[in-house]
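A.B. asks: Sequence:
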Amino acid sequence: MDELFSLFIQRISERMPELTLVDEDYGQLEAGLEEETYPVTFPCVLIGNLEADWENLTGGGQRGTVFFSVRLAVDCYDDTHYGSGTESKVAERLLMANRVYAALQGFRPNNSMTALVRTKSRFYSLPAGVKAYEYTFSFRIHDESARELQRRE
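Here the sequence shown is numbered in our numbering, starting from 1 and rising by one per residue.
Just so you know, these hints were derived from the structure itself, not from any lab.
All values reported here derive from a predicted model rather than from experimental measurement.
Watch out, some of these pointers could steer you wrong.
Using 25 Å as the maximum straight-line C-alpha spacing, the simulated DSS-like pairs for lysine-lysine come out as follows [said to hold, decoys possible]:
| no. | residue 1 | residue 2 |
| --- | --- | --- |
| 1 | 89 | 131 |
| 2 | 120 | 89 |
| 3 | 120 | 131 |
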């Protein structure tokens, strides 16, 4: 599973070179709430909250349904109210969020898994003028690693 995580990071990084950081989500945005500055640079994408439901298959393999989240975080220092002259910044942020979604939707890095599918989206604000665009993706995967390890022993 760890190699898939790296592939997701690589995919987003290649498709969106304007991002200052693409990393594992280990609570950087929430940590920034208690400090004067966030421990990340913006715009960034954080990938995490991996969760899998597994079922056993005959022969020792397993099949799982995996969910994970992808958060685009953008600092929103521009005043975007009507008449400010920078109203287009809202559209730019939404376009960037859509590019994150498009980078992963349908992505299938190997034959042991199905293509990624967006299952949920949520946009919310954080303190200090940070906006988060969060997507949940899912895929199914076939895992034979336990059986392969047992064969080697």
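A.B. asks: All hints are to be evaluated individually against the structure, with a verdict given for each.
C.D. replies: Hints, one by one, checked against the model:
Proximity of residue 89 to residue 131 is assessed by CA-CA distance (about 12 Å); at most 25 Å being required, the pair is judged to hold. Distance hint between residue 120 and residue 89 is fulfilled; the C-alpha atoms sit about 24 Å from each other, no more than 25 Å. Of the supplied pair hints, the one linking residue 120 and residue 131 holds, its CA atoms being roughly 17 Å apart against a limit of 25 Å.
Of the numbered hints listed earlier, not one is contradicted by the structure.
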